[in-house]
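Visitor: What follows is the residue order along each chain.
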Amino acid sequence: MDQPRVDPDQELVKRTQSGDAGAFDELVIKYTPRLYGLVYNMTSNHEDTNDLLQDIFAKAYRAIRGFRGKSSFYTWIHSIAVNMTLNFLKKRSRRFQLSLDDVDASIQNDKEFLESTATSSPVREADLSELQRRLNEAMMKLSDEHRAVVTMFHIQGMPHAEISKILRVSEGTVRSRLFYANRQLQNYLDEFRKNPVS
Amino acid sequence: MNEFDDNEIARLLRLKRYEQPPPGYFENFLHEFHRRQRDEILRQPLWRICLERAHGLMLRLDARSLASYPAAVAAVLVCAAVISLKIYQQPETARVALQSPPALSAPITEGEWSLTSPVATQIFRTQPVRSFNGSAQTHRAAAPPRYVLDSVPVSYEPTFRF
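Residue numbers (the working numbering), protein chains in the order written: chain A, 1 to 198; chain B, 1001 to 1162.
The set of hints was computed from the structure by calculation and includes no laboratory data. Every residue, glycine too, gets a C-beta built ideally from N, C-alpha and C. Mixed in with the good hints, there may be bad ones.
Covered stretches of chain B, going by a simulated chain A footprint (3 or more residues, C-beta under 8 Å) [stated by the list, open to error]: (1) 1019-1027; (2) 1032-1042; (3) 1071-1081.
From chain B, some residues computed to sit far from chain A (all C-beta separations above 10 Å) [unchecked claim]: (4) PRO1045; (5) ILE1049; (6) CYS1050; (7) LEU1051; (8) SER1084; (9) LEU1085; (10) ILE1087; (11) GLN1089.
Have a look at the derived ranges for each label pair, beta carbon to beta carbon [what the hints assert, rightly or not]: (12) B:PRO1022 to A:ALA21: 21 to 29 Å; (13) A:LYS91 to B:ALA1074: 45 to 53 Å; (14) B:ASN1007 to A:SER93: 53 to 61 Å; (15) A:GLN10 to B:HIS1034: 37 to 45 Å.
Excised from the complex, chain A in its bound form (with noise of 0.2 Å):
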């Protein structure tokens, strides 16, 4: 899928660049949703996230002003992200902790979650919370940066040539990390299916 040509979001950074710090409020609050996904998805971490997220917009800011518009301001707050949190990633990585308690209880009432568990077999017979553990311990298994394509791919649903440009890798490695990856989260999840939860 092609990036659209005109940046909807390139008002928002103009008005920042000239100075309106309230421009940039709007920015925050568009995107703080979507890159608390990603970020959290990558962390497991909802202490980290937040920081990370705090200094990500705060980079932004600092940087806003020598954005030309060469790409979306999506996809260069995006690239800000994942370099971030990967370089961060690095620094944890020998005192990382699987973070549970931040998975939203409320989860399990949501209408769209429930429709989407209601055809899958494994999920339906498996605890959900269970499920949210594996799946987690099965994220954290994978490398960072299959972690952050298999996020930004399957869980954020970017194309691949989203991910491509973010990452600044070509498409077929983007490819080819998210077939290792997947291969990977097999066979963790199988366990599912050999051993359901009641």
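Chain B: place on chain A using the hints.
Guide: Leaving out everything else, chain B in the frame of chain A:
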């Protein structure tokens, strides 16, 4: 044994979209962002704040267009510097002499004028310009009389040397 295929994995992973932060998190995020920004500014030294403001101002004024005229900008700056130096390096005595035209000084008798004595070397009388009567001198009574040569020069125009 059935195994997860790619579609099932994709479906499972999409469930993670519904993982949300604690309630109210997004509402408070912007306030927290502002607070951290303020704290960061307060931690910065003054010179860095000024530098960033100047940098921002230059970007706002599109300094790249100004950079296409570096020679003109440099020439203006050099001219301003030279003129400033010229003005402030004039000897004080010369400035007073030139800025106090003889026509405004005390009246000179006809006999003191001659073609052999240039105007600049005229000897002026040191009498007061005006004579004050006693009743008019109140708080200045004890002050010494003021003379024309002590007065403020009429013109502040810069002097020129030829």
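Visitor: Decide, hint by hint, whether the structure agrees.
Guide: Results for each hint:
Residue count for the region 1019-1027 of chain B with a Cβ under 8 Å from a Cβ of chain A: 6. That meets the three needed, and the coverage hint holds. Restraint check on the region 1032-1042 of chain B versus chain A: 5 residues with Cβ-Cβ distances below 8 Å, three needed, restraint holds. By the rule of at least three residues with a Cβ nearer than 8 Å to a Cβ of chain A, the coverage given for the region 1071-1081 of chain B is violated, with 0 such residues. Remark: the non-interface label on PRO1045 (chain B) is consistent with the geometry, its nearest Cβ contact in chain A lying 16 Å away (cut-off 10 Å).
With a least CB separation of 13 Å from chain A, ILE1049 (chain B) remains clear of the 10 Å interface cut-off, as annotated. Here CYS1050 (chain B) stays apart from chain A, with its beta-carbon at least about 16 Å from theirs, past the 10 Å limit. At roughly 13 Å, the least C-beta separation between LEU1051 (chain B) and chain A is larger than 10 Å, which holds for a residue marked as non-interface. For SER1084 (chain B), the shortest C-beta to C-beta distance to chain A comes to about 33 Å, beyond the 10 Å cut-off, and the non-interface label holds.
At roughly 38 Å, the least C-beta separation between LEU1085 (chain B) and chain A is larger than 10 Å, which holds for a residue marked as non-interface. The Cβ of ILE1087 (chain B) sits about 38 Å from the closest Cβ of chain A, beyond the 10 Å cut-off, so the non-interface label holds. Residue-level check passed: GLN1089 (chain B) sits 42 Å from the nearest beta carbon of chain A, beyond 10 Å. Between PRO1022 (chain B) and ALA21 (chain A) the Cβ separation comes to about 27 Å, which falls inside the hinted range of 21 to 29 Å.
A beta carbon spacing of about 47 Å between LYS91 (chain A) and ALA1074 (chain B) agrees with the range 45 to 53 Å that was offered as a hint. In this structure the supplied range 53 to 61 Å is violated for ASN1007 (chain B) paired with SER93 (chain A), their Cβ-Cβ distance being about 31 Å. A hinted range of 37 to 45 Å for the beta carbons of GLN10 (chain A) and HIS1034 (chain B) is inconsistent with their spacing of about 24 Å.
The structure shown violates the earlier hints numbered 3, 14, 15.
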